[in-house]
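Peer 1: The chain contents come next:
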Amino acid sequence: MDSEMSMTSHAAHGLHEKHEEIPWIRKYVFSTDHKMIGYQYMVTSLFVALFAFFLMVLMRWQLSFPGKPIPVFGPILEKLLGSSMAPGGVMTPQLYNSFGAMHGTMMIFMALVPALFAGFGNFVVPLQIGAPDMAFPRLNMASFWLFFVGVVIMMVSFFVPGGAAKSGWTSYTPLADFADMGPGFHPLFNGQTLWLIGMAFNITGSLLGSVNIITTIIQLRTKGLSWMRLPVFVWSELVTAFLLLLAFPPLESAAIMQLMDRLFGTSFFSPEGLIVNGKHADISGGGSSILWQHLFWFLGHPEVYVQILPTMGIVGEIFANNTRKPLWSYKVFVYSLLAIGFLSMIVWAHHMYMTGMGQAVTSFFQIFTTIISIPSVLLGTVLLLSLWGASIRFNVPMLFALAWLPMFGIGGLTGLPLGWTASDVVLHDTYYVIGHFHYMMAPASLLALFAGIYYWFPKATGRYMNEFLGKLHFWPTVIFFNGIFFPMLVQGFAGVHRRWYDGGAGWQMAQNVLWLNQVMSVSAWALAIAQIPFIINFFWSLWAGKKVTDDNPWQATTLEWATPTPPGHGNFLHPVAVYRDPYEYSVPGYKQDYLPQWEPEERLRKEGNLSQIPS
Amino acid sequence: MEIPYTVTARPDTGLYNAKVGIWLFLASEVMLFGGLFSAYIFLRLGASHWPHHILNVPMGLFNTMVLISSSITMVLAWSSLKMRDFAKYRQWLGITLFCGVLFLSVKSVEYKDKFHHYGVILKNGQEITGHLAMSEEEAMRSDVLKIKPDPENAGDFVYQLKSIFSKPEAEEKVLEIPKNEIRWWSNFVPKYNTYLATYFTMTGIHALHILGGLLVLGYFWGPGASLYKRNPEHLANRVEVAGLFWHFVDLVWIFLFPTLYLF
Numbered sequence: 001m002d003s004e005m006s007m008t009s010h011a012a013h014g015l016h017e018k019h020e021e022i023p024w025i026r027k028y029v030f031s032t033d034h035k036m037i038g039y040q041y042m043v044t045s046l047f048v049a050l051f052a053f054f055l056m057v058l059m060r061w062q063l064s065f066p067g068k069p070i071p072v073f074g075p076i077l078e079k080l081l082g083s084s085m086a087p088g089g090v091m092t093p094q095l096y097n098s099f100g101a102m103h104g105t106m107m108i109f110m111a112l113v114p115a116l117f118a119g120f121g122n123f124v125v126p127l128q129i130g131a132p133d134m135a136f137p138r139l140n141m142a143s144f145w146l147f148f149v150g151v152v153i154m155m156v157s158f159f160v161p162g163g164a165a166k167s168g169w170t171s172y173t174p175l176a177d178f179a180d181m182g183p184g185f186h187p188l189f190n191g192q193t194l195w196l197i198g199m200a201f202n203i204t205g206s207l208l209g210s211v212n213i214i215t216t217i218i219q220l221r222t223k224g225l226s227w228m229r230l231p232v233f234v235w236s237e238l239v240t241a242f243l244l245l246l247a248f249p250p251l252e253s254a255a256i257m258q259l260m261d262r263l264f265g266t267s268f269f270s271p272e273g274l275i276v277n278g279k280h281a282d283i284s285g286g287g288s289s290i291l292w293q294h295l296f297w298f299l300g301h302p303e304v305y306v307q308i309l310p311t312m313g314i315v316g317e318i319f320a321n322n323t324r325k326p327l328w329s330y331k332v333f334v335y336s337l338l339a340i341g342f343l344s345m346i347v348w349a350h351h352m353y354m355t356g357m358g359q360a361v362t363s364f365f366q367i368f369t370t371i372i373s374i375p376s377v378l379l380g381t382v383l384l385l386s387l388w389g390a391s392i393r394f395n396v397p398m399l400f401a402l403a404w405l406p407m408f409g410i411g412g413l414t415g416l417p418l419g420w421t422a423s424d425v426v427l428h429d430t431y432y433v434i435g436h437f438h439y440m441m442a443p444a445s446l447l448a449l450f451a452g453i454y455y456w457f458p459k460a461t462g463r464y465m466n467e468f469l470g471k472l473h474f475w476p477t478v479i480f481f482n483g484i485f486f487p488m489l490v491q492g493f494a495g496v497h498r499r500w501y502d503g504g505a506g507w508q509m510a511q512n513v514l515w516l517n518q519v520m521s522v523s524a525w526a527l528a529i530a531q532i533p534f535i536i537n538f539f540w541s542l543w544a545g546k547k548v549t550d551d552n553p554w555q556a557t558t559l560e561w562a563t564p565t566p567p568g569h570g571n572f573l574h575p576v577a578v579y580r581d582p583y584e585y586s587v588p589g590y591k592q593d594y595l596p597q598w599e600p601e602e603r604l605r606k607e608g609n610l611s612q613i614p615s
Numbered sequence: 001m002e003i004p005y006t007v008t009a010r011p012d013t014g015l016y017n018a019k020v021g022i023w024l025f026l027a028s029e030v031m032l033f034g035g036l037f038s039a040y041i042f043l044r045l046g047a048s049h050w051p052h053h054i055l056n057v058p059m060g061l062f063n064t065m066v067l068i069s070s071s072i073t074m075v076l077a078w079s080s081l082k083m084r085d086f087a088k089y090r091q092w093l094g095i096t097l098f099c100g101v102l103f104l105s106v107k108s109v110e111y112k113d114k115f116h117h118y119g120v121i122l123k124n125g126q127e128i129t130g131h132l133a134m135s136e137e138e139a140m141r142s143d144v145l146k147i148k149p150d151p152e153n154a155g156d157f158v159y160q161l162k163s164i165f166s167k168p169e170a171e172e173k174v175l176e177i178p179k180n181e182i183r184w185w186s187n188f189v190p191k192y193n194t195y196l197a198t199y200f201t202m203t204g205i206h207a208l209h210i211l212g213g214l215l216v217l218g219y220f221w222g223p224g225a226s227l228y229k230r231n232p233e234h235l236a237n238r239v240e241v242a243g244l245f246w247h248f249v250d251l252v253w254i255f256l257f258p259t260l261y262l263f
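Residue numbers (the working numbering), protein chains in the order written: chain H, 1 to 615; chain C, 1 to 263.
Take the hints with a grain of salt, since some may be wrong.
[Stated by the list, open to error] For lysine-lysine, the following DSSO-like pairs were computed, each having C-alpha atoms within a straight-line distance of at most 27 Å:
id: 1; chain 1: H; residue 1: Lys471; chain 2: H; residue 2: Lys547
id: 2; chain 1: C; residue 1: Lys114; chain 2: C; residue 2: Lys82
id: 3; chain 1: C; residue 1: Lys112; chain 2: C; residue 2: Lys88
id: 4; chain 1: C; residue 1: Lys19; chain 2: H; residue 2: Lys279
id: 5; chain 1: C; residue 1: Lys19; chain 2: C; residue 2: Lys112
id: 6; chain 1: C; residue 1: Lys19; chain 2: H; residue 2: Lys223
id: 7; chain 1: C; residue 1: Lys107; chain 2: C; residue 2: Lys179
id: 8; chain 1: C; residue 1: Lys173; chain 2: H; residue 2: Lys279
id: 9; chain 1: C; residue 1: Lys173; chain 2: C; residue 2: Lys146
[Said to hold, decoys possible] Which chain C residues face chain H? A few, computed with CB under 10 Å, are given here:
id: 10; residue: Ala18
id: 11; residue: Phe42
id: 12; residue: Pro178
id: 13; residue: Asn180
id: 14; residue: Ile182
id: 15; residue: Asn187
id: 16; residue: Pro190
id: 17; residue: Gly222
id: 18; residue: Ser226
Keep in mind the hints are simulated off the structure, nothing from the lab.
Yeah, the Cβ is synthetic: ideal placement off N, Cα and C, and Gly gets one too.
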């Protein structure tokens, strides 16, 4: 063990010569350094998020002003995608559907999960466990580039004849089996087929990434870092990686079967006697679209936790750091993460109450769906009680982390009525569903994403992000998130259907909630504007932000702050070992209010910093 | 920069990195094939009709034995490496590679067989399977389909065994079916029915895994073997990991064979 350590530090000592040796393309493009790969994931997925956000903003315009040309962007759409998609700058239902499908797909699979799991995971996890890099650096590079190819395929699919996929992010069959198969159908270059191929790349990438993350956490933990001393973020990444590892492959097999359906005329997901466009479908027959739903939701449900678990980890880190006291109950937090991870794998069919499953099956899924709220509430309680009696530092990361808590609460509680068949029958496929899951995926996930960026930015770049611009980013973001998603819950109760292209304009009972479309749309535009301070802040701080004077600017206790700033190749200058739990803040008998994991007790006592050894 | 535990095991886990990695990867592979197998069960339970005995069992059995043998030689290759006997390592791995190639060859013959086998579903629902007694182009143009139907005992093990080595004489009778009596006809492609769709998808993905395994093992037989001079233990670790993958792919076949050929 010690010889391994000294090797690591030796490599790090040769930092400067090493930097000269690495050519530009190996350093920034085909890098095997976990930190660079983390940045690559983060930048790519933030770009995808911006793009997918923009699709939504255009859709919201259509919902507010159905059938009217979109100002400014309408003509651009017409030029880019052809007059069949946006004649005269008016969004066609076809285009609306493809924007909806791609907004969901890209946001979930190519923005939030890569950013939260792979972006932060790559950058933070090896640092937090004291590793020189990931266990398999070249595999790490491969997983990023597989993901990147997936993103490119999705982007390109907008420009093939007929446009991008239109069957929703769930690609429900038999609709998706026959989508885009009109005149001029090309077996490969059509939206839905490219969606499947892009997803196959994305899934393979995340598979390799999760193998890498789990192996790294199991094998490369430094001396003294036992399981119950791992920072909560590492725990959250571990559970997330297991979910991705085990839940994604069934979707890959489903994607392969759907490809067979589309390219070779099989009928895994299409029943016998199906009529398409008034004609008997030319398929072999005997498939089942429920099969697709099972395979899809077996991933689709854990996927929700794949993005919410890392946010719990990020928020946990920031709470501990900025309350200046240990998390209220570290162990409850960790066991809750594990319980959520396990339970999320056995509740998938609560998305399928309307498919006519039997009473026994739905009972099973209702029970476990309800049970999963227990660890979730425990986790929220840990965070809430951690605030009790704390002298909270209200810096920008902490503001975002604090706002995460109620957003997660609303998202979770609004989910309960959807987990029970009796209320789900009423609320199914209405805007209430959209409101519920967006609270999880948009405010909760993104607030923690921003919190993480503001928190780890000084370590990654050696500069702080600007506090004022950060607050200018924070307040409108929180307000307008709710401006978009809260009215959705209201519209849902009125029965407005989630996929209506005209936003309910044609439906009698929707009339008294139609004005909310404008509220949501204006909020969406305002939210877009609220991101400008962030973008300015990000790039301005990168080059001109206030310099970090200490390697540990937030006075934190976890290992990532023991590295030089920014960390070089090999991460640590000296061998690190861990002597205590992750969140030893305000330790009695110690003159500072934080006691880092890597400070040896002998040294502290010799220097007179420790009057007694904390038990 | 050195990553710890690539060659030696971490003391508390007793494993080197790649071994943890491969077991995790194999867990995900279990889920991938698990998705396919559960789809098979789901579809078969819901099917009104499920064809039997349309695959060549002797061929599948032969291939099963080929793969099991290759697993044994794989272990022998690894143990030779552990005992630092490079020549034997090359030899055993060579046999493993040969078995893999043999498997894929037999599989491609089976595929070709299926593509030359035709099925006709008449309007009254009756299904006739056999070989065309005319060229494919002729069959497309003609109003009458000339087909040599499979004999009654086509499902028998002995018949199937004979059919590998010779054209069975029973096929001489030619049936002429007017096209207006046919609901549809085609060779045995994935589209023909859900059973064949399952067969081609599952064995196809399995074959891709074999191909991937062959590429990796071929690399360790050829260019990758030079690692032996620098760090024989590292090579042994790599071969062990590749071997675990190889065993897994064999194991999948051991499930596929009864599922598709026998039941």
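Peer 1: Check whether the Cα positions of lysine 19 (chain C) and lysine 223 (chain H) lie no farther apart than 27 Å.
Peer 2: holds, 21 Å
Peer 1: Hint validation: phenylalanine 42 (chain C) versus chain H, beta carbon distance must be below 10 Å. Holds or violated?
Peer 2: Since the shortest Cβ distance to chain H is 5 Å, the answer is holds.
Peer 1: Is it true that the CA of lysine 19 (chain C) sits at most 27 Å from the CA of lysine 279 (chain H)?
Peer 2: violated, 54 Å
Peer 1: Let me know if the C-beta of alanine 18 (chain C) comes in closer than 10 Å to any C-beta of chain H, holds or violated.
Peer 2: holds, 8 Å
Peer 1: Run the distance test for lysine 173 (chain C) versus lysine 279 (chain H): straight-line Cα separation, threshold 27 Å.
Peer 2: Given pair lysine 173 (chain C), lysine 279 (chain H) is violated - Cα atoms ~37 Å apart, limit 27 Å.
Peer 1: Hint validation: isoleucine 182 (chain C) versus chain H, beta carbon distance must be below 10 Å. Holds or violated?
Peer 2: violated, 15 Å
Peer 1: Could you grab the alpha-carbon distance between lysine 112 (chain C) and lysine 88 (chain C) and see if it respects the 27 Å cut-off?
Peer 2: Answer violated: lysine 112 (chain C) to lysine 88 (chain C) is near 36 Å, above 27 Å.
Peer 1: If you draw a straight line from the CA of lysine 173 (chain C) to the CA of lysine 146 (chain C), is it 27 Å or shorter?
Peer 2: The given pair, whose Cα atoms are some 10 Å apart, holds under the 27 Å limit.
Peer 1: With chain H as the partner, please determine if glycine 222 (chain C) meets the hint condition of a C-beta pair closer than 10 Å.
Peer 2: Constraint on glycine 222 (chain C) not satisfied, violated at 20 Å.
Peer 1: Does serine 226 (chain C) meet its interface restraint, that is, does its C-beta lie within less than 10 Å of any C-beta in chain H?
Peer 2: Because about 18 Å separates serine 226 (chain C) from the closest Cβ in chain H, which is outside the 10 Å limit, the hint is violated.
Peer 1: Under 10 Å, Cβ to Cβ, is where proline 178 (chain C) needs to be relative to chain H, so tell me if that hint holds or is violated.
Peer 2: violated, 21 Å
Peer 1: Holds or violated: lysine 114 (chain C) with lysine 82 (chain C), Cα cutoff 27 Å?
Peer 2: violated, 43 Å
The structure fails hints 2, 3, 4, 5, 7, 8, 12, 13, 14, 15, 17, 18 (numbered hints given earlier, in ascending order).
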